[in-house]
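Asks: Read off the chains here:
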Amino acid sequence: MVGKSNTIGFIVLLFISIYGCQRDNSADYVFAPTPYQFPERKNGYPIYEPNTDNPLTEEGIALGRYLFYDPILSGDSTQRCADCHKQENAFADPKRFSIGISGAQGRRNGMALFNLMWHPEFFWDGRASTLREQVVVPIEDPKEMNSSMSEVLKKLNRSTFYRRLFYNAFGKHIITQDLYAKAMEQFLFTLISFNSEYDKFFRGEPTSFSEAAFRGLTLFNKEPQLGGADCFHCHGNIHLGSFKMVNNGLDETHNSDLGYAETTGKDYDQGKFKVVSLRNIALTAPYMHDGRFATLEEVIDFYAQGVHANSPNIDPQMDQIPKGLNLTTQQKSDLIEFLKSFTDSEFVNNPNFSNPFD
Amino acid sequence: MKLIRISFFITLIAFIISGCDKEKEPKKNEPLPEKTPALRLTFNPKFNGRDLEFNKMKYITTGGDTLNVQRVQMILSNFELIKTNGETVKLDTFAYLNLAENRNQVNIDQEIPEGEYKGIRFMVGLDSAINHGDPMRWGKNHPLNPIVNNMHWGWQGGYIFWVCEGYFMNNGNSNEIFSFHMATLKYLKNIEIQTSNTFSLGNNKKAARDIDVNIDKYFSIPATYSLKLNGAVSHSSSPDEDLRMDVLYGNMDNTFELK
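Protein chains in written order, with the numbering used here: chain A, 1140 to 1497; chain B, 3 to 261.
Keep in mind the hints are simulated off the structure, nothing from the lab. Hints may contain errors.
Label-pair restraints from in silico Cβ distances [unchecked claim]:
id	chain 1	residue 1	chain 2	residue 2	range
1	B	D129	A	P1189	50 to 56 Å
2	B	K230	A	E1279	50 to 56 Å
3	B	Q107	A	T1392	33 to 39 Å
4	B	G204	A	G1310	47 to 53 Å
Below, a list of computed lysine-lysine pairs in the PhoX-like style, where the Cα atoms sit at most 20 Å apart [claimed, not checked]:
id	chain 1	residue 1	chain 2	residue 2
5	A	K1383	B	K142
6	B	K261	A	K1405
7	B	K230	A	K1462
8	A	K1181	B	K142
9	B	K60	B	K48
10	A	K1282	A	K1311
One-sided excerpt, in silico: chain A residues whose CB lies under 7 Å from chain B [claimed, not checked]:
id	residue
11	Y1184
12	N1193
13	L1365
Backbone N, C-alpha and C fix where the C-beta goes; we use that ideal spot for every residue, glycine too.
Throw the hints in and build the complete structure from the sequences for me.
Replies: As structure tokens, then:
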């Protein structure tokens, strides 16, 4: 008697186990990801180096894109990454300070997002050293999406939509933080912007790069003692930003926001912030970590006459700039013309990066 | 009997659960113990024979300046080892050093002929082909990747070979900047340093040697340099600036010392 019920019990259990393991293997639950083809790499542009443990696939990217545009990642399901990172602004935030779901105001300006594969550190103060570490932070920040990873994972695991997409991308039924971060990383890595008028000029392709922009280029890449504006020491590489942590002399004292020192705990890192890329800069106002400048004119006026030479830890690469740049009105407008040539309109209009729910 | 049955059931259930849960990540590999290279060169910033501390306004040069050194960076190439019998061995090593950030080692891990060695040659800088080649072809951790070293002049230029930057006291102002960027073919610098403390390499032998980078001598030997009188900035980019760089370029012969 006991033996018989045992056998039935066994069969039932076995059935459940097989069913339990396989119930998701319906038509939608296929795992045959298509490798992603990066745009052709041109000379002078960085080689593609995605992380070896997370090869980009069409499925992974599509999933990351849904997540980026889905309020499911926030505490009360009202805020999306895309609310602070808008495509028409090269994924920067046009508001000076972003407002989180609890109504709390942040203290820094939302950063533009592109070419992230090549960043050694993330945030204005470099506190995340990988993108996968970074993409968890906004979810858990009380001044941003104000949720927790475990809460978000619960919601995602309850969603048949996401369970299917995660299976398609990674062949896994249970959505983990690691998979979430990998999907987001894949989408963010495809946000590549190297097709501004400046790039076309640099590559010798037909371009509307103007005479004025060319004069601006010369100023940008020349030292002050030779009559230049000396921007290239920090914004000179192909990214137009070194991504190093540097104090460019914005303030005389560093009280309200200590910048990199908040990451390292070192006094001599106070006032240092990430040298961000100037690509798409005409679209990403307001400027600087706290969005203090509304226009590029204000930025140029700052570098020309407003730098605090006595700012503690001012970077030696500011060189002669703190002594004041003698730029004429014409030269300032040439510099701005040059900065405007960094706009990549193809990037901000690329349908592959827009809201997939539309 | 009952106990066995129960435990059998528990095992089965555990098996079923774990069978479904294929999501477990494999344990992260522990980092391997660092492999010791055949030859490790450690570059140590010094001032008057003592370890130089960055971010301290306390170093007085022969020229009478008080310095706070912020950065000493360099790109090195064309390494050669010199045997006690004078033979040389070429190495295919590139290095980027940033002494303020403790990036101060050159690890040489290639087949080295057996022998007793007394010296090292290297070039501060890069020969023209590499200096003006596509800077973005290097992988993300390569010393010549501009994002790694921040020593590439983006626009049509090549690399900066050597950076020495900081502040000096000027009329009570402790934030006065000095900045020397050595670059261009003209300032490619060949260094040869020897030691009486010879070392054997080859046939699996390993050696480690220190190289002092004497910032006091950079500003004094053979030519005494004064930031206040001679000028505090040179990017090797104009005749005026070259006058300054010529002096410091000469002093570089005495800056490195093999221990």
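Asks: Could you run down the list of hints and mark each one as holding or not?
Replies: Here is how each hint holds up against the structure:
Here the CB-CB span from B/D129 to A/P1189 is close to 32 Å, at odds with the stated 50 to 56 Å. For B/K230 and A/E1279, the Cβ-Cβ distance of about 52 Å falls inside the hinted range of 50 to 56 Å, so the restraint holds. With their beta carbons about 37 Å apart, B/Q107 and A/T1392 fall inside the hinted range of 33 to 39 Å. Range check, B/G204 to A/G1310: about 50 Å between beta-carbon atoms, so the 47 to 53 Å window is met.
At roughly 15 Å between alpha-carbon atoms, A/K1383 and B/K142 fall within 20 Å of each other, so this suggested pair holds. For the proposed pair B/K261 and A/K1405, the alpha carbon gap of about 32 Å is over 20 Å, so the pair is violated. For a cut-off of 20 Å, the pair hint linking B/K230 to A/K1462 stands: about 16 Å separates their Cα positions. In summary, the hint linking A/K1181 to B/K142 is supported, as the alpha carbons are separated by about 17 Å, within the 20 Å threshold.
For the hint linking B/K60 to B/K48, the alpha-carbon distance of about 13 Å falls within 20 Å, and the restraint holds. A distance of roughly 32 Å separates the Cα atoms of A/K1282 and A/K1311; the hinted pair therefore is violated under the 20 Å criterion. With a least beta-carbon distance of about 6 Å to chain B, the hint placing A/Y1184 at the interface is held under the 7 Å criterion. Proximity of A/N1193 to chain B is violated relative to the hint, the smallest CB-CB distance being about 13 Å (cut-off 7 Å).
At its closest, the beta carbon of A/L1365 sits 6 Å from a beta carbon of chain B; the interface hint therefore holds under the 7 Å criterion.
Of the numbered hints given earlier, the model fails hints 1, 6, 10 and 12; all others are met.
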